[in-house]
Structures are given as C-alpha cells and as structure tokens.
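J.: Each residue of the sequence shown is one higher than the one before, starting from 0 at the first, in numbering that gives the first Met the number 0.
Derived from the structure by calculation, the hints contain no laboratory data. Even glycine gets a Cβ: it sits at the ideal position worked out from N, Cα and C. Do not rely on the hints blindly, as some may be mistaken.
Stated by the list, open to error - Label pairs and their calculated CB-CB ranges:
id, residue 1, residue 2, range
1, I123, Q103, 18 to 28 Å
2, D37, V137, 25 to 35 Å
3, G70, D37, 15 to 25 Å
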Amino acid sequence: MATAYARGVVYIHSAPRALCPHLEWAVGRAIGRAVNFDWADQPVLEGSRRAEFYWDGPVGTGAALATAIRGWEHLRFEVTEDPTPRSDGGRWLHTPDLGIHYAQTDAAGNIVIGEDRIRYAMEIAAGSAIELQRELDVALGSGWDEELEPFRHASDDASVVWLHKVG
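The task is simple: from the sequences and hints, build the whole structure.
T.: See the structure below:
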C-alpha cells in the first residue's frame with residue numbers, strides 16, 4: 000500500500016531574527032529538503048519576524064515539524080496538517096508562556112475532542128459548570144488561540160496569493 004500524503008502549513012507567528020535560519024534548517028530537516036522562508040517583520044513584537052510555509056509530505060509530517068521547532072524560547076508558531084481520506088488532521092500551537100498544545104481536526108478544520116477527554120473534563124468539574132468550561136477551554140486550546148490571535152492578524156496586511164481561479 001502506498002504511503003498516504005498530507006499537506007499543511009507552518010505559521011511562524013514570531014521569532015527573533017537570530018532564530019530564523021535555525022527554523023528553516025529544522026523544518027528542512029523534518030521534511031527532508033532545504034527550505035527558504037519568505038520572512039517579514041512582525042509588527043506586533045518589535046525585532047521579531049514572521050513567515051508561512053506550505054508543506055506536503057507523508058502523514059505525520061505535521062507532528063515531525065512541530066517537534067522539530069518546539070522548545071526555542073520566544074517562539075510562537077502553529078503547524079497544521081490537513082486530514083486525508085485515511086487519517087485525521089492536526090493542529091499544533093506553541094507560545095513561550097503556554098508551551099505546546101495539540102488538537103485533532105476534522106475535514107472542516109474543526110477541533111475534535113475525544114470521548115475520554117470529555118469524560119475527564121466532566122470528572123474534574125465534579126458538577127461545576129465553571130470548572131467544566133475551564134477544562135473544555137483547555138481541550139480546545141483557547142488560551143493558545145487568545146495569545147496567538149494578535150500575531151495572526153498581523154498577516155491581514157499580507158498580499159493575497161491566488162492558488163487557483165474559478166470561472
């Protein structure tokens with residue numbers, strides 16, 4: 000049986016300038032080929048840079064990429080892996096304060112929370128609606144999204160790249 004291939008995106012939301020070549024090297028090593036990012040200044044955090052890199056590779060490459068670039072201080076990133084007919088998708092978020100968060104995603108990009116995680120949240124909540132909400136927010140990665148959102152909006156000024164044209 001042929002190896003299933005996936006695709007996704009590495010979003011470097013903020014990285015110190017000195018770290019940029021190291022990130023390119025780490026991503027290239029994870030996917031097995033040299034890469035060059037199109038770096039831009041990150042207006043939200045002076046002195047930092049941002050980049051987006053679209054990748055394709057065997058299923059599981061998203062996890063390999065997140066592993067390759069995690070652990071550096073002052074780095075904010077997201078890695079996505081789109082689902083395939085034979086595998087779920089995934090989303091890895093990292094911030095300096097919160098560390099890394101992984102969530103499974105479905106074909107529409109929605110986060111999927113497993114039955115065992117929901118049962119755990121209910122058990123920890125012990126009838127408290129506030130605690131249940133807190134546990135589900137953790138499972139959804141809400142804290143990571145809140146911290147990354149200003150850095151994501153910085154790309155709103157970026158030019159649009161048309162991948163295809165309909166009509």
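J.: Now look at each hint and say whether the structure bears it out.
T.: Against the structure, the hints come out as follows:
One distance hint, 18 to 28 Å for the beta-carbon pair I123 and Q103, holds here, with the actual separation near 20 Å. For D37 and V137, the Cβ-Cβ distance of about 34 Å falls inside the hinted range of 25 to 35 Å, so the restraint holds. Between G70 and D37 the beta carbon distance is about 24 Å. The supplied range of 15 to 25 Å therefore holds.
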